[in-house]
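**Q** Below are the chains, spelled out letter by letter.
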Amino acid sequence: KAGVTQTPRYLIKTRGQQVTLSCSPISGHRSVSWYQQTPGQGLQFLFEYFSETQRNKGNFPGRFSGRQFSNSRSEMNVSTLELGDSALYLCASSAAGQGAETQYFGPGTRLLVL
Amino acid sequence: GENVEQHPSTLSVQEGDSAVIKCTYSDSASNYFPWYKQELGKRPQLIIDIRSNVGEKKDQRIAVTLNKTAKHFSLHITETQPEDSAVYFCAAIGPGYALNFGKGTSLLVTP
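Chain order of the listed sequences is W and X. First residue of the first sequence: -11, per my numbering; consecutive thereafter. First residue of the second sequence: 3, per my numbering; consecutive thereafter.
The hints are simulated quantities; they were obtained by calculation from the structure and are not laboratory data. All C-beta atoms in this analysis are idealised placements derived from N, C-alpha and C, irrespective of residue type, glycine included. Be a bit skeptical, because a hint or two may be false.
[Stated by the list, open to error] Quick partial rundown of chain X residues pointing at chain W, CB under 8 Å, derived from the structure:
(1) Pro36
(2) Leu48
(3) Asp51
(4) Arg53
(5) Val56
(6) Phe91
(7) Ile95
(8) Gly98
(9) Asn102
(10) Phe103
(11) Lys105
(12) Ser108
(13) Pro113
[Claimed, not checked] Here are the in silico distance ranges between beta carbons for each label pair:
(14) W/Ser67 / X/Asp61: 14 to 24 Å
(15) W/Pro49 / X/Leu48: 22 to 32 Å
(16) X/Thr12 / W/Ser15: 33 to 43 Å
(17) W/Arg(-3) / X/Ala72: 20 to 30 Å
(18) W/Arg3 / X/Arg53: 11 to 21 Å
(19) W/Arg55 / X/Thr80: 42 to 52 Å
[Unchecked claim] Okay, derived cross-link-like pairs now, DSSO-like style, lysine-lysine, Cα gap no bigger than 27 Å in a straight line:
(20) W/Lys45 / X/Lys70
(21) X/Lys24 / X/Lys39
(22) X/Lys70 / W/Lys(-11)
(23) X/Lys70 / X/Lys59
(24) W/Lys45 / X/Lys59
(25) X/Lys44 / W/Lys45
(26) X/Lys60 / X/Lys24
(27) X/Lys70 / W/Lys1
(28) X/Lys105 / X/Lys24
(29) X/Lys73 / X/Lys60
(30) X/Lys44 / X/Lys70
(31) X/Lys105 / X/Lys70
(32) W/Lys1 / W/Lys45
(33) X/Lys60 / W/Lys45
(34) X/Lys24 / X/Lys73
(35) X/Lys70 / X/Lys60
(36) W/Lys(-11) / X/Lys44
(37) X/Lys60 / X/Lys39
(38) W/Lys(-11) / X/Lys39
(39) X/Lys24 / X/Lys70
(40) X/Lys39 / X/Lys59
Please work from the sequences and hints to get the whole structure.
**A** Set out below in C-alpha cells:
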C-alpha cells in the first residue's frame, strides 16, 4: 500500500495570507490527525477527523481549521498567517480510528511564513 | 489533558552501549504508548508500542516497559549502532484520539 502523502511539501507565505494543506491517508484508513512540529514545542496535536467528523481538537486558535472528505482525504487551513505558524505540519492516518492503534505519518509540509 | 514528559533531551552513547529514554504521563486513562523515531528531514516512524494491559514488549534490540501505577514508560535500546542516531519521541493516547508527545530525545551513537 502507498503510504500517507502530503501536498505541497514546501510553502512560503507572507503574514496575513492563508494556506491550505492536503493529506491523503493510507488506502482504507478512516482517521486522519494533524500535528504541528516546531523545534521549541515539539509535536503538538491540532485535530483529528474520522468519517468527515472532527472528533478532537488541540489547543490552537480558531485560525486553524480542517475538514475531511468522503474519501478520507483531509485538508487543513490556516488563515491570517503569523510568523509563529512557521513549522512542519504532519498528518497521520490510522485504520479504524479507535485510539489505541498505530498512526502512520506523512512526510509533512514545511511552511515558512515571512 | 494529557501531559507527557520525556528525559533526557539529549543522550550520547558509544556504539555497542545501551540507551534508555524515560517518559511519564499524567492521565491514568491513557492506554496506548507508542515510540517514534525521526531521522533528520524524515517523517516520524513507529518503532515499538505498548498497550496498558502489557508490562513489557521486545523487538530485537528494542524494548519498552510500562509501569501503570507510577505512570511511566521507558524505551531501551541495546547494542546501539550509529544508525540508531535520531530523535526519539514517546507518546500517550487516552480515551480521545490525540497522540500527546514528549518533547523528544536526540540520541547520538558515536563509533
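**Q** Should the hint that X/Phe91 touches chain W count as held when the rule is a Cβ pair under 8 Å?
**A** holds (6 Å)
**Q** Just to be careful, I want the Cα atoms of W/Lys(-11) and X/Lys39 compared with a cutoff of 27 Å; is the pair within it?
**A** holds (21 Å)
**Q** Checking hints one by one. Is X/Asn102 an interface residue toward chain W, by the C-beta closer than 8 Å rule?
**A** Cβ of X/Asn102 sits 7 Å from chain W, so the hint holds.
**Q** Is the Cα-Cα distance between W/Lys45 and X/Lys59 27 Å or less?
**A** violated (31 Å)
**Q** Can you let me know if the beta-carbon spacing of W/Arg(-3) and X/Ala72 is within 20 to 30 Å?
**A** At 41 Å between Cβs, range violated.
**Q** Is the Cα-Cα distance between X/Lys105 and X/Lys70 27 Å or less?
**A** holds (21 Å)
**Q** That 33 to 43 Å hint for X/Thr12 and W/Ser15 (C-beta), does it hold up?
**A** The hinted range 33 to 43 Å holds for X/Thr12 and W/Ser15, with Cβ atoms some 38 Å apart.
**Q** Between the beta carbons of W/Arg55 and X/Thr80, is the distance compatible with 42 to 52 Å?
**A** holds (45 Å)
**Q** Do W/Pro49 and X/Leu48 keep their Cβ atoms within the hinted range of 22 to 32 Å?
**A** Distance hint for W/Pro49, X/Leu48 holds at roughly 30 Å.
**Q** For the hint on X/Val56, does the least C-beta distance to chain W fall short of 8 Å?
**A** violated (11 Å)
**Q** Is the hinted pair X/Lys39 and X/Lys59 satisfied, with a Cα-Cα distance of at most 27 Å?
**A** Given that 27 Å is the threshold and the Cα spacing comes to 17 Å, the pair holds.
**Q** For the pair we were handed, X/Lys105 and X/Lys24, check the Cα-Cα distance against 27 Å.
**A** holds (12 Å)
Comparing the model with each earlier hint shows violations of hints 5, 12, 13, 14, 17, 18, 22, 24, 27, 30 and 33; every other hint is respected.
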